[in-house]
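Colleague: Let the hints inform the model, and build the full structure from the sequences given.
Number of protein chains: 2
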Amino acid sequence: MHEPLFEYIEAKSELKLTDEERLLIKSKFQPKRLRKRQYFLQEGDVSKYVAFIVKGSARMFSVDDKGHEHIIRFGLESWWLNDAESFISLTPSRYNIEMLEDSELLIISVADAYELRDKSRLFDLTIKAMDKQASMATQRRIHAAISMTGEERYDELVNTYPQFLQRFPQNMIASYLGLSPETLSRIRKNLMSK
Amino acid sequence: MHEPLFEYIEAKSELKLTDEERLLIKSKFQPKRLRKRQYFLQEGDVSKYVAFIVKGSARMFSVDDKGHEHIIRFGLESWWLNDAESFISLTPSRYNIEMLEDSELLIISVADAYELRDKSRLFDLTIKAMDKQASMATQRRIHAAISMTGEERYDELVNTYPQFLQRFPQNMIASYLGLSPETLSRIRKNLMSK
DNA sequence: AAATAGCCTTGACAAATGTCAAGTTGAATT
DNA sequence: AATTCAACTTGACATTTGTCAAGGCTATTT
Numbered sequence: 001m002h003e004p005l006f007e008y009i010e011a012k013s014e015l016k017l018t019d020e021e022r023l024l025i026k027s028k029f030q031p032k033r034l035r036k037r038q039y040f041l042q043e044g045d046v047s048k049y050v051a052f053i054v055k056g057s058a059r060m061f062s063v064d065d066k067g068h069e070h071i072i073r074f075g076l077e078s079w080w081l082n083d084a085e086s087f088i089s090l091t092p093s094r095y096n097i098e099m100l101e102d103s104e105l106l107i108i109s110v111a112d113a114y115e116l117r118d119k120s121r122l123f124d125l126t127i128k129a130m131d132k133q134a135s136m137a138t139q140r141r142i143h144a145a146i147s148m149t150g151e152e153r154y155d156e157l158v159n160t161y162p163q164f165l166q167r168f169p170q171n172m173i174a175s176y177l178g179l180s181p182e183t184l185s186r187i188r189k190n191l192m193s194k
Numbered sequence: 001m002h003e004p005l006f007e008y009i010e011a012k013s014e015l016k017l018t019d020e021e022r023l024l025i026k027s028k029f030q031p032k033r034l035r036k037r038q039y040f041l042q043e044g045d046v047s048k049y050v051a052f053i054v055k056g057s058a059r060m061f062s063v064d065d066k067g068h069e070h071i072i073r074f075g076l077e078s079w080w081l082n083d084a085e086s087f088i089s090l091t092p093s094r095y096n097i098e099m100l101e102d103s104e105l106l107i108i109s110v111a112d113a114y115e116l117r118d119k120s121r122l123f124d125l126t127i128k129a130m131d132k133q134a135s136m137a138t139q140r141r142i143h144a145a146i147s148m149t150g151e152e153r154y155d156e157l158v159n160t161y162p163q164f165l166q167r168f169p170q171n172m173i174a175s176y177l178g179l180s181p182e183t184l185s186r187i188r189k190n191l192m193s194k
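Line by line, the protein sequences are chains A and B. Take 1 as the starting number for the first sequence in our numbering and just add one per residue. Take 1 as the starting number for the second sequence in our numbering and just add one per residue.
Heads up, some of the hints might be wrong.
Each pair may be met inside one copy or between any two copies, as identical chains are not told apart.
[Said to hold, decoys possible] No farther apart than 25 Å at their CA atoms in a straight line, the calculated lysine-lysine pairs in the DSS-like style are these:
1) K48 to K32
2) K189 to K26
3) K12 to K55
4) K48 to K128
5) K119 to K12
6) K128 to K28
7) K132 to K12
8) K48 to K28
9) K12 to K48
10) K55 to K189
11) K55 to K128
12) K128 to K12
No wet-lab data here; the hints were simulated from the structure.
Modeller: Rendered as structure tokens:
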């Protein structure tokens, strides 16, 4: 069950885990199964756990005054799930995290995550590498959001995350891009004839 | 000259620097003055340095096909300047970083930054705290960009970064919000009569 | 003091995107 | 097999935002 996490850590840190470290990490990460449509986090709750996705997928989204949902980000195998804002500041979350497929997660508490970073250099290096990757990705996304048209943002998504098209329905892709489902449908129709 | 950086590190890490650490940090961070309109980073260059802003302000922006500029982010006193994407992957930057006022910076190279994180626990803690803060801020910004109208995004900016209105011209605020200067002007006019 | 350049505003119009309603399709459920 | 439901598409129209052009204000430069 924990094997994918070990592989992830060794890949990110570019180092090999010792048996001792494996045991330590295993003792902190607890397996959890969630079925499709179950919630990992609900709006108003405090995000006390981070989850590593072993298998499955999820979306993090907000709901606005008009009841419309806006997808902040998706999660897939070997990605992490949590609301950074709530997790870090321990305040109630404005977001929901819902599984989109039957999923297997490995979850760790806030306190244990800090402790593990202190105790395991490899884990600390892994989180640093993940932070870097995340900051690059979010910078790109902000750039796309403020400077590109809907069509350009869709183009970039097709090139950057082609898996999304296989795993997520089109109306959710639209929400992720900040577009209505109708507009994305028309953009795709338009691209066909090019 | 390095005092604001020391204060920043002690505030973020919630620990006191030893004289030894101060000397180490001082030896790695090199003072640099840039005047208004000078560039800290130009599109196509590789971002090899990070800068801590002691005094002054800056903007990071891209230029699109039509010659329009899009401001990804601003920098003010005790903020950091660099292109995460270029700095981390050592690839040519798509962005420019231009000083908006005469400024005093403390700059550190990629290699020295990694070395310093290894050698100084306080510095490492500081960067972790900064990463956390940055991930919260970018998550909020993405949420705003994909789910709010121009007026709502301006409202949020007024509440979150009121300093921006004092330090940066309105056309740059518009660019930061992903709006044309004309649209922001009309949004403000509209808000006046409410 | 005059000239210049940057910034902001406004109007008229164009383009992009959203909203609402209807209809289709295909998968999931009964 | 029939039913239900979710996802996608399309048309008509509304709203938001962008574009272009002009004019005014202010600070800086000459």
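Colleague: All hints, please: hold or fail.
Modeller: Hint check results:
no., hint, verdict
1, K48 to K32, "within (14 Å within a copy, 42 Å between copies)"
2, K189 to K26, "neither (48 Å within a copy, 58 Å between copies)"
3, K12 to K55, "within (19 Å within a copy, 36 Å between copies)"
4, K48 to K128, "both (20 Å within a copy, 19 Å between copies)"
5, K119 to K12, "both (17 Å within a copy, 21 Å between copies)"
6, K128 to K28, "both (19 Å within a copy, 21 Å between copies)"
7, K132 to K12, "both (11 Å within a copy, 19 Å between copies)"
8, K48 to K28, "within (14 Å within a copy, 37 Å between copies)"
9, K12 to K48, "both (24 Å within a copy, 22 Å between copies)"
10, K55 to K189, "neither (33 Å within a copy, 51 Å between copies)"
11, K55 to K128, "within (23 Å within a copy, 28 Å between copies)"
12, K128 to K12, "both (9 Å within a copy, 17 Å between copies)"
Consistency with the previously given hints fails for numbers 2 and 10, ordered from lowest to highest.
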